[in-house]
Amino acid sequence: MRKLRLVRIPRHLIIAASSWLSKIIIAGVQLVSVKFLLEILGEESYAVFTLLTGLLVWFSIADVGIGSS
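36 is the number that the numbering used here gives to position 32 of the sequence shown; each next residue is one higher, with no gaps.
Mixed in with the good hints, there may be bad ones.
[Stated by the list, open to error] Quick list of simulated restraints, FRET-style, between CB atoms:
#	residue 1	residue 2	range
1	Ala20	Ala66	52 to 60 Å
2	Asp67	Leu8	52 to 60 Å
3	Ser23	Gly58	37 to 45 Å
4	Ser49	Gly69	30 to 38 Å
5	Arg12	Ile70	43 to 51 Å
6	Ala51	Arg12	48 to 56 Å
7	Ala51	Ile29	23 to 31 Å
8	Phe40	Arg9	41 to 49 Å
Hints were generated in silico from the structure; no laboratory data involved. Every residue gets a Cβ at the ideal spot worked out from N, C-alpha and C, and that includes glycine.
Just need the whole structure built from these sequences, with the hints factored in.
And the structure:
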């Protein structure tokens, strides 16, 4: 019988592949959640939700570390 040799995959390739896989999964979940929220909220309510969420993100970015001091 032949001995099987295990292929040793470099760690940086595993990290890069898992990073790409997680990005693909996140994009898929976001697409599904947008469709789901549109069905539940309707167009106008979803627009308000998106606007408020975007404003919260901008305000948290504009905080520039002042809140943690």
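Does the beta carbon distance between Ser49 and Gly69 stay inside 30 to 38 Å, or does it fall outside?
holds (34 Å)
The hint says 41 to 49 Å between Phe40 and Arg9; measuring C-beta to C-beta, is that right?
Since the Cβ atoms of Phe40 and Arg9 sit about 47 Å apart, the hinted range of 41 to 49 Å holds.
Using the beta carbons of Ala20 and Ala66, state whether their distance is inside 52 to 60 Å or not.
violated (33 Å)
How does the Cβ-Cβ distance of Asp67 and Leu8 compare with 52 to 60 Å: does it lie in that range?
The hint (52 to 60 Å, Cβ to Cβ) holds, given that Asp67 and Leu8 are roughly 55 Å apart.
Is the gap between the beta carbons of Ser23 and Gly58 within 37 to 45 Å?
Check failed, 26 Å falls outside 37 to 45 Å.
Does 48 to 56 Å hold as the CB distance between Ala51 and Arg12, or does it fail?
holds (51 Å)
Range hint compliance [Cβ, Ala51 to Ile29, 23 to 31 Å]:
holds (26 Å)
Distance restraint hint 43 to 51 Å, applied to the beta-carbon atoms of Arg12 and Ile70
This hint holds: roughly 48 Å between Cβ atoms.
When each numbered hint is compared with the structure, violations occur for hints 1 and 3.
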